[in-house]
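> Sequence:
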Amino acid sequence: MQIVTPGLVLREVKVGESDRIITLLTPKLGVITASAKGSLRLKSKLFSACGLFCYSEFTLFQGKTMYVVDDAQVKQVFFGVRESIEGTALAMYLAELTLTLSPTGTEAAALLRLLLNSLYLIGEGRKTPGQIKTVFELRALCEAGYMPALIGCGACGKYEGGPFYFNEAAGTLRCADCAAKEGKTPNLDGAALTALRHIALVEDKKIFSFSIPPESMEALGRAAEHYAAHHLDKPLKTLEFLKTVLL
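Numbering (the working numbering), first residue to last: 998 to 1244.
If you're looking for bench data, these hints aren't it; they were derived computationally from the structure. The model shown is predicted, which means the values in this text are computed figures rather than measured ones. Idealized CB from N, CA, C, for every residue including glycine. Any given hint could be a false lead.
Once the Cα atoms are required to be at most 25 Å apart in a straight line, the calculated BS3-like pairs of lysine-lysine come out as [as the list claims (entries may be wrong)]:
no., residue 1, residue 2
1, LYS1025, LYS1202
2, LYS1124, LYS1203
3, LYS1025, LYS1072
4, LYS1061, LYS1042
5, LYS1155, LYS1181
6, LYS1072, LYS1042
7, LYS1011, LYS1034
8, LYS1061, LYS1025
9, LYS1234, LYS1011
10, LYS1240, LYS1124
11, LYS1040, LYS1011
12, LYS1072, LYS1202
13, LYS1034, LYS1072
14, LYS1072, LYS1124
15, LYS1155, LYS1124
16, LYS1034, LYS1061
17, LYS1042, LYS1011
18, LYS1124, LYS1234
Taking CB as the label site, the calculated pair distances span [claimed, not checked]:
no., residue 1, residue 2, range
19, SER1099, VAL1065, 12 to 22 Å
20, THR1182, LYS1011, 44 to 54 Å
21, GLU1179, TYR1117, 34 to 44 Å
22, VAL1071, ARG1110, 46 to 56 Å
23, GLU1121, VAL1065, 30 to 40 Å
24, GLY1180, LYS1025, 44 to 54 Å
Please put together the full structure from these sequences, using the hints given.
Have a look at this one:
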């Protein structure tokens, strides 16, 4: 059976001299693996379309163990991602995070849009790597079903005013007073909390449309990273490398 679908290449593995096995994120099939025979030959029609971080229209056939790429047409290549080690490292981390979440159905479509937007911003340098990382971690987890409880303090219901404690394991909030009663120290100021709610709840096209002070962004970044780590099955190797290049 022939299947035509757009897909973003998240991983490529060389097989022999000219073949590749690629892992794609597609909007309906989710994460799939496909054999791209001959795609490493420079004259192959699949050479560019099956490259890492290339977004293409794929014509696939169902094989015995994986899909087989019959044809692929480039839709977008994020050339700017590879222009810096920071951009490349961040893209690799976002790809591994996506593969670990392994979204399906509507989750896959939402995560594909988020990842495409993130790669575009990395390549264009329109947002800092730290902000892109933070937004992606939080929104990806929300799309995958790990939406934190952000309406207000889980103990007294307070919505805003002063710093809050975000429980990264439970995904819950405590105002400063309630946090103190539980022996916790607030880790988000007002700006960081507002940004957290924005990232989790706003429509797709506005996810990155916010600006907060650097110290607030730093606090939110720590919370986002820890929140993601708590909900993943394993530590991500690309995160450790990313940290070394973002220092």
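> Evaluate each hint against the coordinates.
Results for each hint:
Proposed proximity of LYS1025 and LYS1202 is supported: the alpha carbons are some 20 Å apart, at most 25 Å. In summary, the hint linking LYS1124 to LYS1203 is supported, as the alpha carbons are separated by about 13 Å, within the 25 Å threshold. Proximity of LYS1025 to LYS1072 is assessed by CA-CA distance (about 17 Å); at most 25 Å being required, the pair is judged to hold. For the hint pairing LYS1061 with LYS1042, the CA-to-CA distance comes to about 24 Å; that is within 25 Å, so the pair holds.
This hinted pair checks out: LYS1155 and LYS1181 have alpha carbons roughly 16 Å apart, not beyond 25 Å. For the hint pairing LYS1072 with LYS1042, the CA-to-CA distance comes to about 14 Å; that is within 25 Å, so the pair holds. Between LYS1011 and LYS1034 the alpha-carbon distance is near 10 Å, which keeps this suggested pair within the 25 Å criterion. Pair hint LYS1061 plus LYS1025 holds up; C-alpha atoms about 20 Å apart against a cutoff of 25 Å.
Using a Cα cut-off of 25 Å, the hinted pair LYS1234 and LYS1011 holds, with the two alpha carbons roughly 20 Å apart. For the given pair, LYS1240 sits about 17 Å from LYS1124 by alpha-carbon distance, which is consistent with the 25 Å threshold. The hinted pair formed by LYS1040 and LYS1011 meets the criterion: a straight-line CA distance of about 17 Å does not exceed 25 Å. Under the criterion of a C-alpha separation no larger than 25 Å, the hint pairing LYS1072 with LYS1202 is consistent with the structure, at around 20 Å.
The straight-line distance between the Cα atoms of LYS1034 and LYS1072 is roughly 20 Å, inside the 25 Å bound, and the hint therefore holds. For the proposed pair LYS1072 and LYS1124, the alpha carbon gap of about 23 Å is at most 25 Å, so the pair holds. Between the alpha carbons of LYS1155 and LYS1124 the distance comes to roughly 32 Å, so the proposed pair goes past 25 Å and is violated. About 15 Å separates the Cα atoms of LYS1034 and LYS1061, which keeps this hinted pair within 25 Å; it holds.
With a C-alpha separation of about 17 Å, the suggested pair LYS1042 and LYS1011 falls inside the 25 Å cut-off, and the hint holds. Restraint check for LYS1124 and LYS1234: satisfied, since their Cα atoms lie roughly 24 Å apart, inside the 25 Å limit. In this structure the hint that SER1099 and VAL1065 lie 12 to 22 Å apart at CB holds, the actual value being about 21 Å. Distance hint for THR1182 and LYS1011: a CB-CB separation of about 49 Å, consistent with the stated range 44 to 54 Å.
About 41 Å separates the C-beta atoms of GLU1179 and TYR1117, a value consistent with the hinted range of 34 to 44 Å. For the pair VAL1071 and ARG1110, the beta carbons lie near 18 Å from each other, so the given range of 46 to 56 Å is not met. For the pair GLU1121 and VAL1065, the beta carbons lie near 34 Å from each other, so the given range of 30 to 40 Å is met. With their beta carbons about 47 Å apart, GLY1180 and LYS1025 fall inside the hinted range of 44 to 54 Å.
Of the hints listed earlier, those the structure fails to meet are numbers 15, 22, in rising order.
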